[in-house]
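Student: Work out the full structure, taking the sequences as your base and the hints as a guide.
Sequence lines, in order, name chains V and P. When we follow the numbering used here, the leftmost residue of the first sequence carries the number 47, and every step to the right adds one. When we follow the numbering used here, the leftmost residue of the second sequence carries the number 34, and every step to the right adds one.
Please keep in mind that the hints were generated in silico from the structure rather than gathered at the bench. None of the values given here were measured: they were computed from a predicted structure. Every residue gets a Cβ at the ideal spot worked out from N, C-alpha and C, and that includes glycine.
With a cut-off of at most 30 Å between alpha-carbon atoms, the simulated DSSO-like pairs for lysine-lysine come out as follows:
1. V:63 to V:114
2. P:121 to V:141
3. P:121 to V:114
4. P:121 to P:76
5. V:63 to P:76
6. V:141 to P:76
7. V:63 to P:121
8. V:114 to P:76
Chain P residues, not near chain V, derived (Cβ > 10 Å throughout):
9. 38
10. 40
11. 47
12. 48
13. 54
14. 56
15. 109
16. 112
17. 120
These stretches of chain V come out as covered by chain P in the derived footprint (C-beta under 8 Å, 3 or more residues):
18. 94-100
19. 108-121
20. 142-152
Here is what each chain is made of, one letter per residue.
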Amino acid sequence: MATTIIPSLRSALERLKHAGAVNGLLLGWRRQILIHLLPYEDFRAERALHMLLDAVGHFASGGDREVKSLWFGYQGVFALALFRGETTLLILHTKAAEVDFLRSAASTFLDDTQLLVEAVLNPQEVVQETGPPLV
Amino acid sequence: METPPMPLQLFNLREGSVSGTANQTLVDAFAADFQGLKHFGTKLGDVLGVGAPWTGALQEEDFTLSFVHFNAGTGALDAGAGAMIGEKRSLLDMLNRISEREF
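Tutor: Okay, here's the thing in structure tokens:
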């Protein structure tokens with residue numbers, strides 16, 4: 047008897063959290079939070095997501111520009127945001143030297159998890175096709 | 034014939050103005066992106082309770098733009114430098130290149 051093994055979105059994100067000196071992660075779809083692993087309250091996480099989307103919208107307005115990533119350095123922490131389709135990933139990390147590795151790992155994560163994101167957004171369809179919910 | 038990608042362009046931030054050896058169109062383009070990036074970086078910093086950013090970068094498929102404020106000053110008049118290039122460049126490399134311009 048065979049069983050399909052489906053990695054959960056949360057566990058994939060937890061693995062990404064161990065890719066470097068990462069303080070927290072946030073995964074969003076459009077303007078809603080899918081998974082919140084930031085050391086902040088929910089309302090702050092939501093505002094951070096909206097802020098990032100507003101920034102992308104600002105640069106895209108009036109042209110064909112498509113921002114793929116934003117990176118900010120603050121006192122003691124860096125914020126790296128990646129955008130893939132309607133999915134946003136925010137990573138808080140502490141070592142500037144890790145930014146390119148984290149960007150690469152996060153980009154792979156976003157590529158690999160599009161189906162899992164789809165499963166979270168449409169759990170009933172996925173249950174019928176593949177098994178139990180994934181989060 | 035394909036247009037070659039824009040080479041690395043460097044800019045200075047001093048007393049609220051942007052200057053550089055690039056032509057005025059590129060200086061204006063950098064200034065507009067810098068202002069937008071700084072604005073949203075500051076708003077994100079406010080949400081996270083970490084203040085204004087001392088560095089920031091924006092990346093598209095074939096474009097990278099970065100800025101750095103020197104000496105921990107992050108105000109509108111504080112000194113800094115910036116750069117942009119027509120390719121997807123390492124963010125750390127951009128940060129290092131700009132930081133070398135500290136004066």
